[in-house]
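**Q** Line order of the protein sequences matches chains V and X. Per our numbering, residue 17 is the first one in the first sequence, and the count goes up by one each step. Per our numbering, residue 1138 is the first one in the second sequence, and the count goes up by one each step.
Just so you know, the hints here were simulated from the structure itself, not pulled from any lab data. C-beta: ideal position from N, C-alpha, C; glycine also.
Partner residues aside, some chain V positions facing chain X, computed with beta carbon under 10 Å:
| no. | residue |
| --- | --- |
| 1 | Y53 |
| 2 | Q55 |
| 3 | E60 |
| 4 | I62 |
| 5 | F63 |
| 6 | Y66 |
| 7 | N115 |
| 8 | D116 |
Okay, here's what each chain looks like letter by letter:
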Amino acid sequence: AQKITQTQPGMFVQEKEAVTLDCTYDTSDPSYGLFWYKQPSSGEMIFLIYQGSYDQQNATEGRYSLNFQKARKSANLVISASQLGDSAMYFCAMREANNDMRFGAGTRLTVKP
Amino acid sequence: DTGVSQDPRHKITKRGQNVTFRCDPISEHNRLYWYRQTLGQGPEFLTYFQNEAQLEKSRLLSDRFSAERPKGSFSTLEIQRTEQGDSAMYLCASTRTRGQGYTEAFFGQGTRLTVV
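If we strip away everything but chain V, and leave its shape as in the complex, we get (with noise of 0.2 Å):
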């Protein structure tokens, strides 16, 4: 069953405005990690940032945040003052306890300048 959820094939975004990309997740473990990472055209994955289901702050790393809502099973991301270099795909994954990482499909991120 699919366990990750970006229910946004593609976004838009105009330069210097934020944009949030949506994740949900399905998951009983109580221990996860939830991660986003960005994919540009050029192809590598690069880590963005990471929440973990204890944290009780949300996380944040530059220009990104996650919103996590944990009762909805939510970790969007929130990139703030968008640049033309944030075009790209970007990924929502998740890790239980002991297990392997899954993706979802992705969103596909467009700056306009």
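For chain V, the structure is supplied; the task is to place chain X on it using the hints.
**A** Below, chain X alone, put in the same frame as chain V:
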């Protein structure tokens, strides 16, 4: 360069041939993953190792696929009797387990396989 490295970067093979890919993880990382990614899709999990033990294999990993990590360091992924449907990017990632926490996985640049 101390990142994850994969070899080769590109491989073109004829249908029915065998191919082998190699992944060298970050040296202190004890967990190694293999994924397959087709155009416009997210990475699909194939298998992962904790040290030299292969802990899980996806149903995507048919009998034609085999992976090894003999000494808990580098890993190989072999595809026998390749089919056109095997054409994809094969990604390797490594991470280290840290108590109850989760560390991010670092990815190699992938091996792009084209079966003609």
